[in-house]
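Student: As you go down the protein sequences, you meet chains A and B in turn. Take the first sequence: its position 145, counting from 1, is numbered 145 in my numbering, and each next residue is one higher. In my numbering, each residue's number is its place in the second sequence (first place is 1) plus 1000.
What the hints contain is simulated information worked out from the structure, not anything from laboratory work. Just so it is clear, CB atoms sit at the ideal spot from N, CA and C, and this is done for glycine as well. Careful, some of the hints might be misleading.
What the hints assert, rightly or not - A short, non-exhaustive set of chain B residues, derived as facing chain A with CB atoms under 10 Å: (1) D1017; (2) R1018; (3) P1029; (4) H1033; (5) F1036; (6) I1037; (7) E1038; (8) F1044; (9) Y1046; (10) A1107; (11) A1108; (12) F1201; (13) R1325.
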Amino acid sequence: MADLSTNFLGIKSPNPFWLASAPPTDKQYNVERAFEAGWGGVVWKTLGEEGPPVVNVNGPRYGAIWGPDRRLMGLNNIELITDRDLEVNLREIEAVKKKWPDRAMIVSIMVPCEEDPWQKILKRVEETGADGVELNFGCPHGMSERGMGSAVGQVPEYIEMVARWCKKHSSMPVIVKLTPNITDVRFPARAAKAGGADAVSLINTISSIVSVDLDSFSPSPSIDGKGSHGGYCGPAVKPIALNMVAEIARDPQTAGLPISGIGGISTWRDAAEYIALGCGTVQVCTAAMTYGFKIVQEMTEGLSNYMDEKGFATIEDFRGLAVPNVTDWQYLNLNYVTKARIDQDLCIKCGRCHIACEDTSHQAITHMKDGVRHFEVIDEECVGCNLCVNVCPVDDCITMETISGTDPRTGKPIDPNYGNWTEHPNNPMARADAAD
Amino acid sequence: MTGTSKPGIQAARLPADRLTDNFTDLHAPLTKHEAFIEADRCYFCYDAPCINACPTGIDIPMFIRQISADNPNGAAKTIFNENIMGGMCARVCPTETLCEQACVREAAEGKPVKIGLLQRYATDHLMETTSAHPYTREAETGKHVAVVGAGPAGLSCAHRLAMKGHTVTVFEAKEKSGGLNEFGIAAYKTTEDFAQDEVAFILDIGGITIENGKALGRDIMLDQLARDFDAVFLGFGLPDVNALGLSGEDAKGCEDAVDYIARLRQTDDLASLPVGRNIVVIGGGMTAIDIATQTKLLGAETVTICYRRGPEQMNASPYEQDVARTHGVTIRHWLQPQSLRHGEDGSVSAITLEYTSLDGGKLTGTGETLTLEADQVFKAIGQSPEDSPLSGVDLSLERGRIKVGDDRKSSHTKIWAGGDCIHGGEDLTVAAVEDGKVAAEDIHRALMA
Ligand SMILES: Cc1cc2nc3c(=O)[nH]c(=O)nc-3n(C[C@H](O)[C@H](O)[C@H](O)COP(=O)(O)OP(=O)(O)OC[C@H]3O[C@@H](n4cnc5c(N)ncnc54)[C@H](O)[C@@H]3O)c2cc1C
Ligand SMILES: Cc1cc2nc3c(=O)[nH]c(=O)nc-3n(C[C@H](O)[C@H](O)[C@H](O)COP(=O)(O)O)c2cc1C
Ligand code: SF4
Ligand code: SF4
Ligand code: SF4
Chain A
1 MADLSTNFLG IKSPNPFWLA SAPPTDKQYN VERAFEAGWG GVVWKTLGEE
51 GPPVVNVNGP RYGAIWGPDR RLMGLNNIEL ITDRDLEVNL REIEAVKKKW
101 PDRAMIVSIM VPCEEDPWQK ILKRVEETGA DGVELNFGCP HGMSERGMGS
151 AVGQVPEYIE MVARWCKKHS SMPVIVKLTP NITDVRFPAR AAKAGGADAV
201 SLINTISSIV SVDLDSFSPS PSIDGKGSHG GYCGPAVKPI ALNMVAEIAR
251 DPQTAGLPIS GIGGISTWRD AAEYIALGCG TVQVCTAAMT YGFKIVQEMT
301 EGLSNYMDEK GFATIEDFRG LAVPNVTDWQ YLNLNYVTKA RIDQDLCIKC
351 GRCHIACEDT SHQAITHMKD GVRHFEVIDE ECVGCNLCVN VCPVDDCITM
401 ETISGTDPRT GKPIDPNYGN WTEHPNNPMA RADAAD
Chain B
1001 MTGTSKPGIQ AARLPADRLT DNFTDLHAPL TKHEAFIEAD RCYFCYDAPC
1051 INACPTGIDI PMFIRQISAD NPNGAAKTIF NENIMGGMCA RVCPTETLCE
1101 QACVREAAEG KPVKIGLLQR YATDHLMETT SAHPYTREAE TGKHVAVVGA
1151 GPAGLSCAHR LAMKGHTVTV FEAKEKSGGL NEFGIAAYKT TEDFAQDEVA
1201 FILDIGGITI ENGKALGRDI MLDQLARDFD AVFLGFGLPD VNALGLSGED
1251 AKGCEDAVDY IARLRQTDDL ASLPVGRNIV VIGGGMTAID IATQTKLLGA
1301 ETVTICYRRG PEQMNASPYE QDVARTHGVT IRHWLQPQSL RHGEDGSVSA
1351 ITLEYTSLDG GKLTGTGETL TLEADQVFKA IGQSPEDSPL SGVDLSLERG
1401 RIKVGDDRKS SHTKIWAGGD CIHGGEDLTV AAVEDGKVAA EDIHRALMA
C-alpha cells in the first residue's frame, strides 16, 4: 500500500488532499467533519481584519453550468471572505488544530495592503498553532473592489511586498495563492518567490458570468434583477489551472518552488495529474461542495491504487514527472507523423468523424465505400490532427498511428530523426540563422 | 375477490380503478429532465440512418438537438414539417422496427435513442402550449380537391393540400373522423382524446371541410367526384375483416377483433365492456396483439393467441409480442383453427385447432389437434379490401387494393390514393401519413402545371 503522506514546507499531512479555503472550511463544524471523513488538511476560509466582518449578499450567491443530467461542470460564486467574527474563527482554528494535530491547518488571510494589518493578523494566526498561512491574492469579486484579493494579485510588485512583510513578521510557512485573472501567471509567481514566499497555490477562481436570464435579462445568480461577475471553479477550470501550474513548474525562475495545485479536482486522477506537474499537495473546493466530504475516500483510495500499480511508493516518486515533457510548441518534433485509424469492428457508423473532417478539417474520412455507409481514413489527406478521435463517441475506436517511410499526404520521405520548427526550412528565422 | 373468474362473457371483471390504471399510457411521457438526458444520447449522426428508416423522413437528429437546446416547439415544427401526425406516430409507431431499429446506438449497445418518446415530448409540448397552428396557408389557388376518408392518409393529404393553398373537402363515412387512430389503435397507446385533439389540430390550418356520414359508393360516387373536383385522393382504409371460414362463426362469442377494439375505444365506461373468461385470438399481427392485451387488461383470466406459423413470420414485432406476454398473454405458434364448439345456449365454448408445419415451404395441417376452452374467440386475421366504393370508375387493383405509382397516383389521371387501401403499403399509421403527403405534393404539381 502506497504511502500518501506529504511534507509540504515542513507541514505534514496524512495525504495530499486539502480542502481549499472556501465554505467547506469556514467553521469548526465543517472542518471536523472533513477530518473525520479523511481529508489531509484544510486551508481555513479567508480571514479579514479585526472589527465588524464583511457581509455577504442575502440572495443567491452561486450560479452554475451543468451537463444534460445536471452534472455540475462549473460553479460561479459571489461570496466574500468569511463573514464570521475573527475571534470566533481564531478560537475554532486553535481548537481544531489541538484536536487534530496530524492534519494540516493552513489559515487563509486577506487584509488591506498595508504592513500594519498584515503584521497584526499574522500574530493572531500564529498564536492558534496553525501550520502556515495562505495569502489570498486571488478573490476576483467584492474584495478586489476594496483593493484586496485579485487587485493585489494582479500587481506583481504588491505580491512581492506583501510576501516580504509576511516572512518578516512571522515564522510560519507562507503560501501565496495566485489569481488566474492575469495574462501570464509566471510574473506573480516570480514575484511571490522574490518576496520570499515558501510556495504558491493556484488557481483561485476565474472572473465569470455563467449565464444571462433571457426573461429578466439579468446575469445569474440574480440579486433583485442585477448580477455581478463572480468567480468560476469546478471541473470546467481544470485545464486552465493545469497549464498555469505547468508554466510555473517549468519556468527556470520559479522551478522547484513548491506548488499546491487547485482547480477542478474531483477525482484521484485529477489530483495525480497535478502531482505529475509538480504539485506537493492539492486543494479541493467545488467537488466537496457538490458531493460532500466523503469523496476524499475515493480520492485517497484511487491514488493509492494507481501508485501501487505503477510501483510508486511515495508521492515524491512521481511528483513532477510530467514537467520535463511540457515544452514550447517550437520544440515539438515535426517528423512525428501520425494517421488516424478507424477500428471497423468498433465503429458504429455515426458519421461524426466524417462530417467533422469534411466540413471543418481536411476531407480525410469517407462516408461511403462501394455504395455502403463506411468510414475510413484517406491517408493522402489525413494530417493526423486528432479531431476525429475527439468527436468519435466510441472509446478507442479511432486511434492515431505513428507512421514511417513516406507520408502519403506529402509524398515525401519522413525523416526518422527529431526535427523541430527552429530548424525547419520554412521558418524565416531558421533561414536567417543558416545564412549567418 | 375480483370478478375475473366468473365464467362466460361478463362486464366489469375488474373494479373501475384497476381498469383506469390498466388503460393509462403504456409508456409514460418523458419529463423535461428525462427528455434532456435522452436527447443527450443522440449523436447527431451525419446522414443519419434513423431518418432513412422513418417512413416520413423526419429530420430526427435535428429535432432531438432542438430538444437539447430547450426549443421543444422548434423540435415539434421539424417533426410536423414531414409528418403532421407526428403526435400520433410518436405514440403508435412500432419504432423498434423503424427509426429506433436503425439508430446507431441500437447496433452499438442494443439501446437506441428513444426517438418515439422524444418525438412525443416535442409534439405534446407544442400542442399543449400554443394555440396557434404552426403553418399558414399559401395563397388560394382556386383548386378544389376531394379526399375520401378522414384517417391518417386522408388527413395528411388534406393538410398538405390546404397548406399549398388548395381547398379540400373530406368525405368520411363515419360520424367521427380520425380513422383507425380513433377506432383501432390500442387504448393504452393513445389515451384521453388525443385522436380527436389531433384532428382538430390538423384542421386548424383552415381550408379543409370534413363531411361526416358521407360514404363513397353509398352517398357519393367516385365518377362524380372525379368530375366535380380538380383531383381526388382515396384514403378509405380497409373496411372488411377476414372471416375464419369455420362453421358457426356467427355464434355468440365469436367476434371480430377490430369491431371490438372500436367499441373499446369509444366507450366512456370500460367496466361496461363484456369480456370472456377464457379468450382465444386467432392471428399474428398488430391487431391480434392489441385485442389480446386489451382483453387481458379488461380482466380475462386467460388469453391465448394462436398463430398458424412460427414466431419469425408473425407480423407483430418481437417487441410487441413481448408487450403482450408481459401483460400475461400466451402466444402459441403452428396452430390453425379447425372448428368451434358451442355450449347449450349456442354460444362459443371451445375452439379446436390443428397443428401445422411447413412442408417444402407450404403450410399444412399435421392432423393432430388441440382444443382450448374459450368463451370468446377473436378473429384478427387481417382486413380485406372492399371494392364497392370504387364502382363507376375503372381503377387498376392488385389483390383488391388500389395500384399506385411512387407518387401515389392511380391509373386514373385525376385520382391518387394512399394508406391501407393501396397495394404494397406497410399498413402503418406513419406509412399512411407519408402516402397522403407524397400524394398531396404530386397533386399540387399536377394542378399547378
Ligand atoms: C387494431 C389495429 C391496431 C393498429 N395498431 C397500429 C399501431 O399500433 N401502429 C401503427 O402504426 N399502425 C397500427 N395499425 C394500422 C393503422 O391503424 C393503419 O395502417 C392506418 O390507420 C391506415 O390509415 P388509412 O388512413 O389508410 O386508413 P384508416 O385509418 O382505416 O382510415 C380510413 C377512413 O376512411 C373511412 N372510410 C372507409 N370507407 C369509406 C368510404 N367508403 N367512404 C368514406 N370514408 C370511408 C373510414 O371510416 C376511416 O375514417 C393498426 C390497425 C388496426 C386495425
Ligand atoms: C463559494 C466559494 C468561496 C470561496 N472563497 C474563497 C476564499 O475565501 N478564499 C480563497 O482563497 N478562495 C476562495 N475560493 C476559491 C477556492 O478556494 C478554490 O481556489 C477554487 O474554488 C478552485 O478550486 P475548485 O475548482 O476545486 O473549486 C472560494 C470558492 C468558492 C466556490
Ligand atoms: S444550500 Fe442550504 S442554505 Fe443554501 S439555499 Fe439551499 S438550503 Fe438554503
Ligand atoms: S465517429 Fe467513430 S463511431 Fe462514428 S463513424 Fe467515425 S469512427 Fe465510426
Ligand atoms: S441514429 Fe440514433 S444517434 Fe444517430 S441521429 Fe438518429 S437517433 Fe441520433
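Student: Next, verify each hint and record whether it holds.
Tutor: Hint by hint, here is what the structure shows:
Violation of the interface hint for D1017 of chain B is found here, the shortest Cβ-Cβ separation to chain A being roughly 35 Å, above the 10 Å cut-off. At its closest, the beta carbon of R1018 of chain B sits 35 Å from a beta carbon of chain A; the interface hint therefore is violated under the 10 Å criterion. With its C-beta approaching chain A no nearer than about 18 Å, P1029 of chain B sits outside the 10 Å limit, and its interface hint is violated. The beta carbon of H1033 of chain B is positioned within 10 Å of a beta carbon in chain A (closest approach about 7 Å), and the interface hint is therefore held.
The beta carbon of F1036 of chain B is positioned within 10 Å of a beta carbon in chain A (closest approach about 5 Å), and the interface hint is therefore held. Checking I1037 of chain B against chain A: minimum C-beta separation of about 5 Å stays under 10 Å; hint holds. The interface hint given for E1038 of chain B is met, as the beta carbon of that residue sits about 9 Å from the closest beta carbon of chain A, less than 10 Å. Nearest Cβ of chain A to the Cβ of F1044 of chain B: about 7 Å, under the 10 Å cut. The hint holds.
Interface hint at Y1046 of chain B: satisfied, since its Cβ lies 3 Å from the closest Cβ of chain A, which is below the 10 Å cut-off. The criterion of a C-beta within 10 Å of any C-beta in chain A is met by A1107 of chain B, whose closest approach is roughly 6 Å, and the hint holds. Here the hint on A1108 of chain B is kept, as its CB sits about 4 Å from the closest CB of chain A, short of 10 Å. The restraint placing F1201 of chain B at the interface with chain A is violated, with a minimum CB-CB distance near 28 Å, outside the 10 Å limit.
Interface hint at R1325 of chain B: violated, since its Cβ lies 30 Å from the closest Cβ of chain A, which is beyond the 10 Å cut-off.
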